[in-house]
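Trainee: Letter by letter, the chains look like this.
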Amino acid sequence: MSDRDEKDKTPPRRITTGVPGLDTVLSGGLLPGAVYIVQGSPGAGKTILANQICFHRVTQGEKALYVTLLAESHARLIQNLERMSFYDERRLPSSIFYVSGYDDLESGGLEGILRLLNHESQRRGTSLIVVDGLFVLEESVQSEREFRKFVNYLSTLASLLTATILLLTNSRRTQASPEYTMVDGWIEVATATHGHLGSRYVQVHKFRGSDFVAGLHTTVISDDGMRVLPRLEATTGLEGQGAAEVARVPSGVPALDGLIGGGVPQGSTTLVLGPTGVGKTTLGLHFIAQCSEQAPGLIFGFYENASRLALKARMLGIDLEGLVRRGAVEVVWQPASEPSLDGLGYRLIEAVRRRGAKRVLVDGLRGFERAQFYDERSSPFLAALTHVLRAEGVTSLYTSEVPQIIGERSEISFGPISAVAENILLMRYVELDSALHRLLSVLKVRDSDFDSAVRRFVIDARGIRIGDVFRDTEGLLTGHAHRPPADA
Amino acid sequence: MSTRPPHILLVEDEPGTLMTTAILLEMSGYRVSKAPNGRRGLELFVAEAPDLVVTDYMMPHMDGLQLIEAIRAAGERASTPILLMSSGLPPEVSPTLADAFIRKPFEYTEFERAVVRLLKAR
Numbered sequence: 001m002s003d004r005d006e007k008d009k010t011p012p013r014r015i016t017t018g019v020p021g022l023d024t025v026l027s028g029g030l031l032p033g034a035v036y037i038v039q040g041s042p043g044a045g046k047t048i049l050a051n052q053i054c055f056h057r058v059t060q061g062e063k064a065l066y067v068t069l070l071a072e073s074h075a076r077l078i079q080n081l082e083r084m085s086f087y088d089e090r091r092l093p094s095s096i097f098y099v100s101g102y103d104d105l106e107s108g109g110l111e112g113i114l115r116l117l118n119h120e121s122q123r124r125g126t127s128l129i130v131v132d133g134l135f136v137l138e139e140s141v142q143s144e145r146e147f148r149k150f151v152n153y154l155s156t157l158a159s160l161l162t163a164t165i166l167l168l169t170n171s172r173r174t175q176a177s178p179e180y181t182m183v184d185g186w187i188e189v190a191t192a193t194h195g196h197l198g199s200r201y202v203q204v205h206k207f208r209g210s211d212f213v214a215g216l217h218t219t220v221i222s223d224d225g226m227r228v229l230p231r232l233e234a235t236t237g238l239e240g241q242g243a244a245e246v247a248r249v250p251s252g253v254p255a256l257d258g259l260i261g262g263g264v265p266q267g268s269t270t271l272v273l274g275p276t277g278v279g280k281t282t283l284g285l286h287f288i289a290q291c292s293e294q295a296p297g298l299i300f301g302f303y304e305n306a307s308r309l310a311l312k313a314r315m316l317g318i319d320l321e322g323l324v325r326r327g328a329v330e331v332v333w334q335p336a337s338e339p340s341l342d343g344l345g346y347r348l349i350e351a352v353r354r355r356g357a358k359r360v361l362v363d364g365l366r367g368f369e370r371a372q373f374y375d376e377r378s379s380p381f382l383a384a385l386t387h388v389l390r391a392e393g394v395t396s397l398y399t400s401e402v403p404q405i406i407g408e409r410s411e412i413s414f415g416p417i418s419a420v421a422e423n424i425l426l427m428r429y430v431e432l433d434s435a436l437h438r439l440l441s442v443l444k445v446r447d448s449d450f451d452s453a454v455r456r457f458v459i460d461a462r463g464i465r466i467g468d469v470f471r472d473t474e475g476l477l478t479g480h481a482h483r484p485p486a487d488a
Numbered sequence: 001m002s003t004r005p006p007h008i009l010l011v012e013d014e015p016g017t018l019m020t021t022a023i024l025l026e027m028s029g030y031r032v033s034k035a036p037n038g039r040r041g042l043e044l045f046v047a048e049a050p051d052l053v054v055t056d057y058m059m060p061h062m063d064g065l066q067l068i069e070a071i072r073a074a075g076e077r078a079s080t081p082i083l084l085m086s087s088g089l090p091p092e093v094s095p096t097l098a099d100a101f102i103r104k105p106f107e108y109t110e111f112e113r114a115v116v117r118l119l120k121a122r
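If you're matching them up, the sequences are chains A and B in order. Here the numbering used here is used: the first residue of the first sequence is 1, the next is one more, and so on. Here the numbering used here is used: the first residue of the second sequence is 1, the next is one more, and so on.
Since the hints were made in silico from the structure, they are not lab data. We treat Cβ as the ideally placed atom computed from N, Cα and C, and that holds for glycine. Accuracy of the hints is not assured; some may be wrong.
Partner residues aside, some chain A positions facing chain B, computed with beta carbon under 8 Å [to be verified]:
(1) 23
(2) 92
(3) 98
(4) 122
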C-alpha cells in the first residue's frame, strides 16, 4: 500500500461540538474548513447550539467569531447565556468575539460580509465563525445567482482559513436552494407538538465527507445547554445478542430459582407480567434485595416513589432503606410527564453506569409505553436498551401490567418486550372454590429447562412464598378454575 | 444666549442599540454622532471633536479598545472622556484607560447618569 493510499484512508480531523450526543450523530463532529447551515424556527435552540459549540471550542484552545445580522442584541443574547453552565464570562471578548455585520452588509453588500468575516477571523485567529441570521443575507440579494456566488465564496473562505462556519437561519426554503445544495452540511433543530406535549429534535439532512445517523433525535435544552439523545436503536450495535449465559443469579425467591434452573441467567432480561396488585413489584423487590455494595442495583420506577417502595419493602421484611443508605440500591423515580423515549432510556443507562449497577428493576414498563413514538419504535428501542444493559453486565427485571384481573390468557398482550426478554413469568389471579388465589407460571427461560407447572403463591410478612402445584384443577390460566369431574 | 448642547459620539456596531440609544440621548437634549464601528468612530472623533465618546467594546474593523487607545494618543484631545460599554468586562482594559464602564444590558437612567457625570467632570 502506498503512502498516498495510507493518507487517503486517514479519517478527517473532527471539530467536536461539546453538545452531548451531537458528535455521535455526526460520527465524531464537524469538519474543519466546512460550512454548515443550522436551520430552525425561532426558539428551536439554534443560538444555544451555536454558542455552546463556541464555548466548547474555546476550551480546546481555539477562538470563535460570532457575527449577528439583525438578531437579538448581544447584551440580551449574553444575558440569556449566563445561566448556562457552559458560559464562561472570562472568555469574552478575548476568545469569543461578538460583532454585528449589519453595517457591513448595508454598506458593502454580500462582499462586505465576506470582507468582514475574512478580516475579523484573520486578525483574531478564529477557527470557528458563526453567522447568525442567514435569512437577512438572503433577503438582501437581488437574485438567486448572486446568493449562490456568495455561498460559493463563503465555502472557499472557510477552506482557505481552515475555519468551520455555521450559518444560522430561520427560514426553510426548498432543498434545491443554493444554500442547501452548496454547503457541506445541513442540521435542522426543531420543535414539535404531539397532542398537548411538546418536544425538540435535531435532524441532520446532509453531511458531506462523512456518515451520520439519519432521522430524528430528541434534544433537551436545560441550564447545561443543549443535549442530543441519539435514537438508542440507531446508535447501539446488537452484535452478541443472544449469547449463551451460563451463570445464574438468584431471583430473590429461592423457590422460584428452583423452577428455573437455579436462578435467572446472569445478564438476562426477565419480564414479569400480571394484573395490578398481584405481586410483580413484590417479586421485583425480592430481586433487588439481593444487591450489595459490591454489586449494586437500581430501581427505575414510574409509579411508586422511594418512600412508598421502602414502606412496601418493609412490610415484606426487606430493608430497602438500609440498602439505599449503604449504597447497594438507588431508586430513580421517573415523573409521569417525561415524554421522550430516549430521555428515559438514557437516564436509565446513565444511572446504571454511574452506579455500576448489576441489577435493574424497571417497575412499570407502561412508563416507557406512554412515551412518544413508543408504538412505532418499541421493538428496536427495547432491543437496544436490553442490549446496552446486558453489555454493562446488568441482570434486569421488568414488570408489566396486564389489564385483566381474571380472564383468558389469550387476551393478554405480552408486548414487544417479550421478544427481547429471555425469561417470562406470568402472575395471575384465579378464582377457585369462591376464593381468589395468586398463581405463578414460568412461560419462558431462554436456553434452559424450566418447571412449567402452575403454582400457587402467597404474599405475607416474609414476602412471596411459592407453594405447591395446583392439582386436580383445570382452567387455571383462564382465571376461572374448576375441579374436573370425578371419573364415573 | 443659547447654550450649545453637549456633543456625544456614540460608537456601536449593533444597529438596534445604536439607533435607540442615539434617539434617547437626543431626546435628553444631546447632539449625537453615530458610528457603526471603531474605525468610523475614530474618523468622526477627529472630524467632530465630541465632548464625550461612548463606545462599545466588541465591534468589527476596530474594536473599542483600539479606539480608546487611538483617542488617548490624540494629542490635545487625548483627555476626552470615554464611557466604555460591553456585555462582558474586557480584562485587557485598564480601569484608567476608559473613564467609566457600564455593563450591557443597562437601564437608560443608569446610562444617562454616567453620561452626565462624565460631561460634568470635563
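Trainee: How about residue 98 of chain A: closest beta carbon in chain B under 8 Å, or not?
Mentor: 5 Å, holds
Trainee: Given residue 122 of chain A as an interface hint, is the shortest Cβ-Cβ distance to chain B below 8 Å?
Mentor: Nearest chain B Cβ about 12 Å off; hint violated.
Trainee: Should the hint that residue 92 of chain A touches chain B count as held when the rule is a Cβ pair under 8 Å?
Mentor: The hint holds - residue 92 of chain A has a Cβ within 8 Å of chain B, the shortest such distance being about 3 Å.
Trainee: Once the shortest beta carbon distance from residue 23 of chain A to chain B is found, is it less than 8 Å?
Mentor: With a closest approach of 28 Å, the residue 23 of chain A hint is violated.
Hint check: violations occur at hints 1, 4; the rest are consistent with the structure.
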